[in-house]
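Fit chain B to the known structure of chain A by using the hints.
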Amino acid sequence: MSATEAIGLIRDGDHVAIQSMGTQGIPMTLVRELIRAGRRDLTITSVVAGIGLDWLSWKGAVSRFVGPIVSMERFGLCQGFRAGVQAGQIVFEEYSETGILARLGAGARNLPFQITRGMIGTDLPALLEDTVREIEDPFTGERVLACRALRPDVCLLHAHRGDAKGNIQYEGGTIWPDVQIYPKACARTIVSVEEIVSEDEVRERPFETVIPHFAVDAVVEARYGCHPTSFFPRYVYDEAFHERWVGVSRDPAAALAMIDAHCAAATQAEYLELIGADALAAVSNWQEQA
Amino acid sequence: MSATSDYTVDELMVATLARQFDDGDQACNGAASFLPVCAFQLARATHAPNLVWLAGAVGLDARPRRVPASTLEAPLWHRSSMYMPQYEDFWSYVLNGRWLTKFCVRGAQIDRFGNVNNSVIGADFHRPKVRMPGSAGLADMGSIGKRLIFWTTTHNPRTLVEKVDFVTCAGYLSGGDARARLGLEGGPEVLVSNLAVMDFEPQTKAMRLVSVHPGVSVEEVAEATGFELLLPAGEVPVTAAPSAEQVRLIREEIDPGSARLREFA
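Top line first, the protein sequences correspond to chains A and B.
According to our numbering, the first sequence holds residues 1 to 290 in order.
According to our numbering, the second sequence holds residues 1 to 265 in order.
FYI, nobody ran anything at the bench for these hints, they're computed from the structure.
Take these hints with a grain of salt, some might be off.
Stated by the list, open to error - The calculated SDA-like cross-link candidates involving lysine to any residue, where the alpha carbons are at most 25 Å apart (straight line), are:
| hint | chain 1 | residue 1 | chain 2 | residue 2 |
| --- | --- | --- | --- | --- |
| 1 | A | Lys-59 | B | Val-130 |
| 2 | A | Lys-184 | A | Gly-166 |
| 3 | A | Lys-184 | B | Leu-95 |
| 4 | B | Lys-129 | A | Gly-247 |
| 5 | B | Lys-129 | A | Ala-87 |
To be verified - Not the full set, but computed from the structure, chain B residues with beta-carbon under 7 Å of chain A:
| hint | residue |
| --- | --- |
| 6 | Asn-96 |
| 7 | Gly-97 |
| 8 | Ala-139 |
| 9 | Arg-158 |
| 10 | Leu-230 |
| 11 | Gly-234 |
| 12 | Pro-237 |
Note that the structure is a prediction, hence the values are computed from the model and not measured.
For each residue, glycine too, the CB sits at the ideal point set by N, CA and C.
Extracted from the complex, chain A is given alone in its bound form (with noise of 0.2 Å):
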C-alpha cells in the first residue's frame, strides 16, 4: 500500500499513537503523509514525542498530547509543541510512563482499567479526573491509582521487515514500548518497513515477527522511513538535519518553511533525493564510529 492510502485511513480529530523515543524510531515518513493529507484537531501519544509531534504541532494539526514527555533529547525542546501550548491552543495530558503504559493496557486487554503506584504524591492525578482516581486495594486495603483504559483510533509504526500480508519483523527485540503495545490498544495499525518481503522470508525467522498480520491494517514500504531520527541497528539519528531544525525552530516562517520543503516529496524516493546520499551514508555507518 502507498503511504497515501494508508493514512487515508485516518481521520480529522482521531487519537493516533505514534512510536517515537525522544530521537529513537519515529515513523517520519507516516507523519509527513499526516502533514500533507492536512489532517486537523488530532489527538496524540507516544511514549517519548519528539520531531515528529513538533512538526504536526507546527502544522496546527494537533489539539492535545496524551502522554508522558516530549522531547528531542540531546536537540531540547519541541519548540511549535511548547509555543502551541503556552498559547492555549494544544492541551498536554501529562501522565507518568507507567501511567500511560497502564492505560493502553487496559485498552489492548479490554479491561475497564489498570492500576499503578506511580504518580502518588504528585500534582498528576488532580488534573486526570476523568481518566486516573485512587482507588483501594479490596484485598489490603492499600490505595493505588486506577488508569483509564486508552482505545487510540490509530497508531503508527516503523519496523525492519514485513510481508504483504501483514507480518512485522523487528531486528534485535521490541527494544521500544509502543511496538508491544499499541496494536493491541489501537482500532487500526499501520505499520512502515524498510523493505517488504515475501511471506516465505518471514518464515525463514519467525522470532523476529513481534506483530501478526491479524493485528495489521496497513503495510508500507519506506526506505529509511524514520530519518531524521535513529532506526537500530540501521541507522542513527541525522545530527545535522536534527540541528538545521533546532537552528529554525524558533521562527515560524523559518519552521513551515523546512516542514514543507519535506513535505512537498510526494514519495519515499523522491525525500530521499532530497536528504541525499552523503547523508544516508553517515547516518548508516554509524556503527563504526561508535
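Showing chain B alone in chain A's frame:
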C-alpha cells in the same frame, strides 16, 4: 588512593555520584545524563565492579568506547549483554522492588523538601509561562519506593527553589511525615551540585548542607540556594577530591571526548 588537585568540578561531581552506588546495586540512566553515565562506569572501574548498568534503560552492562553525544541512543549500548524491552521487561524489573532501587534525578526545579518539577513554570498548568518536557519516568520513580539521588550543574536560586511550581516527582512533599502518610517509601537522599553536597534532615526532611566543594564557601552556597539551607552541626566539611586514578579513568578511559561537559553548556 591519594587525592589530587588536578581535577575540575565535573570530575569531582562524577566521583561524588559514583560513591552513591555500591557493588550490589543496579543503575539505569535516562536522557542527557552524562554525569551519572560517567559515574556508573567509574564505580564499575573502581569500588563496584559488579554494579549493573542499564545504558539508556536498554543496554545491559554496556561497554561504550566513549560517552556519546546522546545518553539514550544506540552508541551508548555498545557491547551490551542484553537489549531490554521497555514495556514488559524494563518496567517490571523496576517496579518489582528487588532491583534498580536507586535512581538519579535531575530537574528544572528542586525544592527544599526534594520535590522536583520538570513540567511547567507558572501557576496555570494549561497556560504555562514555560512548558518543559514533562515527567517521563520521573513521576513514577518518586512514588514507587526508589532512593532518589539528585544532581544539578546549575546550583542557583532558579533551580533550587523554596517550592516547586508543580510536583512532577514526589519528594518529601510538605516535609516531615507528609510522604510517609501517603504510604510512600524511599525518597530523596542526596543532592550533588556543582557547588556542594546536600542531604535531607531526618525529622523535618528539609535539605541540609553536607559538604562544600573545595574552594567554595558556605556563604556562596547559601546565596546560590533559593531557600534557607539547614547547616550541619559544627564546621562544614569539604567534599573529598577525586583521586588521581579516578581522574585518569574519567579522562582517558570513560569519557575521552568530554561529553560530560555538555551538562555545563
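Evaluation of the provided hints:
At roughly 21 Å between alpha-carbon atoms, Lys-59 of chain A and Val-130 of chain B fall within 25 Å of each other, so this suggested pair holds. Annotation: proposed proximity of Lys-184 of chain A to Gly-166 of chain A holds, straight-line Cα distance about 14 Å (limit 25 Å). For the hint linking Lys-184 of chain A to Leu-95 of chain B, the alpha-carbon distance of about 22 Å falls within 25 Å, and the restraint holds. Distance restraint check for Lys-129 of chain B and Gly-247 of chain A: the Cα-Cα separation of roughly 22 Å lies within the 25 Å cut-off, and the hinted pair is therefore satisfied.
For a cut-off of 25 Å, the pair hint linking Lys-129 of chain B to Ala-87 of chain A stands: about 9 Å separates their Cα positions. Residue-level restraint check for Asn-96 of chain B is violated (minimum Cβ-Cβ distance to chain A is 12 Å; threshold 7 Å). For the restraint placing Gly-97 of chain B at the interface with chain A, the shortest Cβ-Cβ distance is roughly 10 Å, beyond the 7 Å limit, so the hint is violated. Contact between Ala-139 of chain B and chain A, as hinted, is supported at the beta carbon level, the nearest pair being about 3 Å apart and thus within 7 Å.
A hinted interface residue such as Arg-158 of chain B counts as satisfied when its beta carbon comes closer than 7 Å to some beta carbon of chain A; here the least separation is about 17 Å, so the hint is violated. With 7 Å as the threshold, the beta carbon of Leu-230 of chain B stays out of range of chain A, its nearest partner Cβ sitting at about 22 Å, so the hint is violated. Among the interface hints, the one on Gly-234 of chain B is violated; its C-beta lies about 34 Å from the nearest C-beta in chain A, farther than the 7 Å criterion. The interface hint given for Pro-237 of chain B is violated, since its Cβ lies 32 Å from the closest Cβ of chain A, which is over the 7 Å cut-off.
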